[in-house]
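J.: Given the structure of chain A, go ahead and fit chain B onto it with the hints provided.
There are 2 protein chains.
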Amino acid sequence: MSELFEKRKTIEQVEEGSELAPKFDEHGLIPVVTTDYATGELLMHGYMNAEALKQTIEKGQAVYYSRSRKALWHKGATSGLYQDIVEMRIDDDQDCVWLRVKVSGSGASCHVGYRSCFYRTVPNGKSFEAGKPVKLTYTELTKTFDPKEVYGDAPNPTQL
Amino acid sequence: MSELFEKRKTIEQVEEGSELAPKFDEHGLIPVVTTDYATGELLMHGYMNAEALKQTIEKGQAVYYSRSRKALWHKGATSGLYQDIVEMRIDDDQDCVWLRVKVSGSGASCHVGYRSCFYRTVPNGKSFEAGKPVKLTYTELTKTFDPKEVYGDAPNPTQL
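Chains as they are written, first to last, in our numbering: chain A, 3 to 162; chain B, 3 to 162.
Bound-form chain A, shown alone:
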């Protein structure tokens, strides 16, 4: 565990204190929610291990842990699309991190080429028709970059 983090001792300390005492799951990871500072758009959902969280705090830029590559992942190191942190928050029980970022370059955050990873909507409530297959619709109609140009032959991180 990094010297930046405190041990988790009491619920009051974790929920109402000013000590950073993050909870990592059984894989040593904490989920991270990354939104665009200006628009509030959800760009991506990733994970950090203790070292990634430490480097993120030190750099002021997002460093994740890639579960598919099993390695630290300084976002932007390959693509140039760094995520500069404007504000970083942690939740009540300190088991989730929120990054509000400005993205360099084209502003994209998604390896498929879209600005946000969340480029499709799911029908629900009144827009959901029972008995019919659920059909996703696109909210982003064009890609902001060509993944092949940026990533070349690097393996696709999506796993089935």
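Calculated from the structure, these hints are not laboratory results.
Among these hints, one or two may not hold up.
Copies of the same chain are indistinguishable here, so a pair counts whether it falls within one copy or spans any two.
Listed next, the in silico PhoX-like pairs over lysine-lysine satisfying Cα-Cα at most 25 angstroms (straight line) [unchecked claim]:
no. : residue 1 : residue 2
1   : 25        : 72
2   : 150       : 134
3   : 128       : 61
4   : 72        : 11
5   : 56        : 145
6   : 134       : 61
7   : 25        : 137
8   : 137       : 150
T.: Coordinates of chain B only, in the frame set by chain A:
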């Protein structure tokens, strides 16, 4: 698996298709990011199992799976603070759900009493001083409700 979901067959189907083919982790869960529709504020980060995702789509209201209580959790059923979904999205590899919601009543989403679960900021980059303990600061200064009045003696979901 629910009849609402397709089997995951190819990366192209998952990333570029219009079929809903969510990936549940080894515990049968998918992470969910919930933001306020009007402000973009991150309200909470939770999980759904297949049944919770199905009920969320059918109701148009957030239904989570509580890992601490090991039960379906129709948000608002105890507190009255229902989360009505304005838009629901899924990410590139379909292993994360984004809900954009309007919250009933006081608008709070956090069991500690704050509007957002993310009521504390973490210093980073230029605001981080190496060698000193990391000190969280509060972005929400007042609670929107008294958890004891709303939840009574129900056990606190935070786990150490």
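J.: When the structure is checked against the list of hints, which entries are broken? Sort them ascending.
T.: 2, 5, 8
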